[in-house]
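Q: Sequence:
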Amino acid sequence: MASEEEKPPCHLLRMPYEILKPILTQLEQRDLLLNVSKTCVTIWELTYALAYNRIVVEIGPTKSSSAWRPLASGHHTGLLYTRHLKIQSLYGEYEEPKHLEDLVVGGILAALKQHQLFSFALTTPTSFKRTLSVKNFIILLTTQRSIQQLGLPIIGRIRPYPRFTDYINGDTRFTQLRDLTLTILDFEAPADQLHHAFRRASNLQELQLRFICPPNARGHDLPNPLPSGKASLFLLSTVTRLAFYGFDFAAYAPQLVRTSFPCLRALAVCNCTQLASFFLNTPSSNYPALIALMVKGGSGFSAFWESRFVKGLREVRELVFNTSDACLTDATMFVRHADTLNLFLLRSSDPGCEFALVESLETLLSNCRAIRHMGLFLAWGCLGGTQTVEFEEDMLARELLNLFDGNDRLQTLALGCNLLPASYVHQHTPEGLEQLERVSPIEEAAGRELIRHFASETDLTSATGSLEYLSIRSGIQVSNSALPRNHQLRAGPSKGVKHLFTLKPEVVFKPVSKEELMARYHGDGYYFLEEYIDGLLEQSHLSFLPRDDGYASYLWDTTDG
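FYI, in this note's numbering the residues of the sequence shown are 609 to 1169.
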């Protein structure tokens, strides 16, 4: 028998690439890839192409310039292998330097080879002060024509605008561009230029426009997101994703009524006021292709379900609501979406609104059997001693316990519950204070108690069918009278790492990252998957009650027996 030393060596470079790539990927995840690359030139070429294929550059007041300076100066070998580039700015609206994003973009574009990138994105905070210059915009389009996916912030508002026709030949076409995201402050100014540029993208499949209203804009300072010019109407007629940020819809209702979006599939309304003016006055016939809707922040949600906009929608696939007064008062509207609704999230910062949801759950759950991802409020409960949670039977949304009956498609479930600690547990006890500070054990206790209801004392894996992730978000409300005067607890969201229940192949309560969830469901083609996952990973919240109200006393008395 040959000794270990006599065995022939394994020739790494002779392996098929299908086998070699997973090995290199594992090395990259363990931060060993670049060390291995130094062994020989061939390995160096393979590893650099893998390690720098997709890079993210972060710039901000807390980020060291040593991370981006070599890239912006062109003195970084790995940049030659980059195919997917994302630059994230963390600077606030009025922080200096104001044009650093544009400087970094210009430096990196100068260092890249022509037509090297397949995707490029520059993200900034929702701000109208952080912009990309028209010059760099034109350079990007002309030197990187292999780009398929492009995401840009507000294009600089320098007047007069350079004309694209002065820089781009009449026969130039951007045939590779498939997905484009633009942030626009005032559509009037750049519309003609955008029209000239993107009417040449003959294979464009996704066009997303993000309209931003500046803070404190009034009167003549209000932006005009829906002008009537020929070039603007061309873009609006081809847009597939549309988002409004910070608008007062009372001022724009007439424009919205007369504007049609024939190709629009996803609509987001974020941090806007007077939502009723939008939904009550806008006919759904203006949005014949709409399949995804998100309302986030803002106020005036109460009239949503009665609006002509909502009642006219057909075959909606995604609904995400996260506002201060979101509630479900009429679940019958879901019947017409029973065969298509796959993703549903309802989140309210008002516990009273969330509790009103329970009355409509039976209609929702009995009809919508196609749901794959769902997040909503479930119950009120009582936090007892030794990290135990009890749910009052008459306060539990019993309809949810039958959720898995016949539903073999549900993959993720985010459940919210409001918990009131029992007074006898948290009166001047260090253990009680520690329990409130460490939220993850509370979430686990609440989750296992709910799982016990779901499984009905049967095997959980078979009872939950296709369910893969279960998230618990607890709103913990503590009376000040039950706490010592010198306590160090702070109201607000938990600071710890978010834990979820993973149910396949067995039940485990562990940290789960956003990247893991995005990678798992990215291929399903959801428009608002990231916003839903943010809800799935939302931290539990601790708040203080000024006194023992009647409902808290009821729970505590019941628990005390």
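Hints were generated in silico from the structure; no laboratory data involved. Nothing here was measured: the structure is a model prediction, and the numbers come from that model. Heads up, a few of these hints could be off.
[To be verified] SDA-like mimics (lysine to any residue), calculated; alpha carbons at most 25 Å apart, straight line:
1. K694 with E1138
2. K1122 with L1137
3. K743 with Y656
4. K1112 with E1052
5. K1122 with K919
6. K1112 with N1094
7. K1118 with H1095
8. K1103 with D1016
9. K1112 with F1152
Q: Hint by hint, note whether the structure agrees.
A: Hints and how they fare:
no.	hint	verdict
1	K694 with E1138	holds (17 Å)
2	K1122 with L1137	holds (11 Å)
3	K743 with Y656	violated (31 Å)
4	K1112 with E1052	holds (17 Å)
5	K1122 with K919	violated (34 Å)
6	K1112 with N1094	violated (44 Å)
7	K1118 with H1095	violated (29 Å)
8	K1103 with D1016	violated (35 Å)
9	K1112 with F1152	violated (37 Å)
Checked against the numbered hints listed earlier, the structure breaks hints 3, 5, 6, 7, 8, 9; every other hint is satisfied.
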